[in-house]
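These two chains come separately, so use the hints to put the complex back together.
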Amino acid sequence: GEDVEQSLFLSVREGDSSVINCTYTDSSSTYLYWYKQEPGAGLQLLTYIFSNMDMKQDQRLTVLLNKKDKHLSLRIADTQTGDSAIYFCAERTGRRALTFGSGTRLQVQP
Amino acid sequence: NAGVTQTPKFQVLKTGQSMTLQCAQDMNHNSMYWYRQDPGMGLRLIYYSASEGTTDKGEVPNGYNVSRLNKREFSLRLESAAPSQTSVYFCASNRQGGYNEQFFGPGTRLTVL
Chain Y
328 GEDVEQSLFL SVREGDSSVI NCTYTDSSST YLYWYKQEPG AGLQLLTYIF SNMDMKQDQR
388 LTVLLNKKDK HLSLRIADTQ TGDSAIYFCA ERTGRRALTF GSGTRLQVQP
Chain R
56 NAGVTQTPKF QVLKTGQSMT LQCAQDMNHN SMYWYRQDPG MGLRLIYYSA SEGTTDKGEV
116 PNGYNVSRLN KREFSLRLES AAPSQTSVYF CASNRQGGYN EQFFGPGTRL TVL
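Protein chains in written order, with the working numbering: chain Y, 328 to 437; chain R, 56 to 168.
Among the clues, some could well be false.
What the hints assert, rightly or not - Label-pair ranges, simulated between beta-carbon atoms:
#1 R:M82 - Y:E365: 18 to 26 Å
#2 R:Y154 - Y:E332: 16 to 24 Å
#3 Y:D385 - R:A137: 41 to 49 Å
#4 R:Q151 - Y:T408: 35 to 43 Å
#5 Y:F377 - R:S73: 41 to 49 Å
#6 Y:L372 - R:P63: 18 to 26 Å
#7 Y:P437 - R:Q151: 41 to 49 Å
Just so you know, the hints here were simulated from the structure itself, not pulled from any lab data.
Just so we're clear, the structure is a prediction, and the values are computed from it rather than from any experiment.
Glycine residues also receive a C-beta, built at the ideal position from the N, C-alpha and C atoms.
Pulled out of the complex, with its shape left as it was, chain R reads as follows (with noise of 0.2 Å):
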């Protein structure tokens, strides 16, 4: 098993430029998500995707797309980068019941200038 991936690790890139994160999980979770780490905050939610075919916006959707291609994939998109989505970004997935624990990935760090 290997998780949460995520790619890529690291992406620099110029104000007006797109980009698309990808994020898989091979641990069948029906729930997934997207979270961006800002210094000296806590993991905000840009969006997540309760199952396959559904999405919904969290706390600070704006100036991204999400799309839940398949149970295992969820990517996040920027269409046009501006320097205040520089940030880490992870992706997590959920085990339904239980404690629901969530699942991170190692996260993308992105820059843009």
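One chain only, chain Y, in its complex shape (with noise of 0.2 Å):
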């Protein structure tokens, strides 16, 4: 079955790398996503990073991804305040549809 686990909660002050985790169990996914949802807003497309690659960075943010553990970091350099969100990971299988992780809220301290 899918499922997708995040950690709930990441405080940072601005300025430090920040690092969101997140384990799925589908071996078979085929992409996996991180999106950025701000408060009162929809989901909006960070980045992904295909399963067969291990890495991918695209400016301040770096992808990690680890087939055998099954483990998805998104690292964001030089974190600012407007970074501050919730953000998830999700994994597309077979299905068109996603399954996400409960989102990790980033808290960033001035």
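Encoded structure:
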């Protein structure tokens, strides 16, 4: 079955790096995604990684994928107050719909 | 491009009332989805439509019906609302091919008293 788990809360200081972790159970996942949700808004795709990749970097964002352990992480370098939001990990398997984790609330302190 | 739009933004219902949540996308996407989001939980799939004229149940379909009116529009209906349906509802549509990004609407916050 499909199950995606994340820690619920992370607090960092402005300028530090943030690392948000996610574990998933479905080894047939094709794509894994990170979405950002700001208060009162819908979800916005931040980045994604294909299952045959180990790492992907996109400006301040680095995604690491460990397929053996079914572990995905999102690193945000030089975290800013504007990065405060809920971050969702999601996987896509054979179905077109996504399975989401419960979200990690990132709080950035000035 | 407006992307994915949803109406209404907020709604309060009494137990037993019915209502329809509307969703439309202008990106010519084939697939559309309805999710609900509850505190401390991720988004859970209610129903989806892979293409015009088809709908399928997701993880939590009980108490809901959907209609894929045309390629643009996908509505969600609550026939007899219950307090357990208090939630934020998101509609999404999917780009075919590539990395299959899903685009989300702004959400409808529904309270059932």
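Against the structure, the hints come out as follows:
1. Separated by about 21 Å at the C-beta atoms, R:M82 and Y:E365 satisfy the suggested range of 18 to 26 Å.
2. At about 22 Å, the beta-carbon gap between R:Y154 and Y:E332 stays in the expected band of 16 to 24 Å.
3. The hint said 41 to 49 Å for the Cβ distance between Y:D385 and R:A137, and at roughly 42 Å that hint holds.
4. Under the hint 35 to 43 Å, the C-beta atoms of R:Q151 and Y:T408, about 37 Å apart, fit the expected range.
5. The hint said 41 to 49 Å for the Cβ distance between Y:F377 and R:S73, and at roughly 43 Å that hint holds.
6. With their beta carbons about 25 Å apart, Y:L372 and R:P63 fall inside the hinted range of 18 to 26 Å.
7. Checked against the hint of 41 to 49 Å, the C-beta distance between Y:P437 and R:Q151 comes to roughly 42 Å, which is consistent with it.
No hint from the list above goes unmet by this structure.
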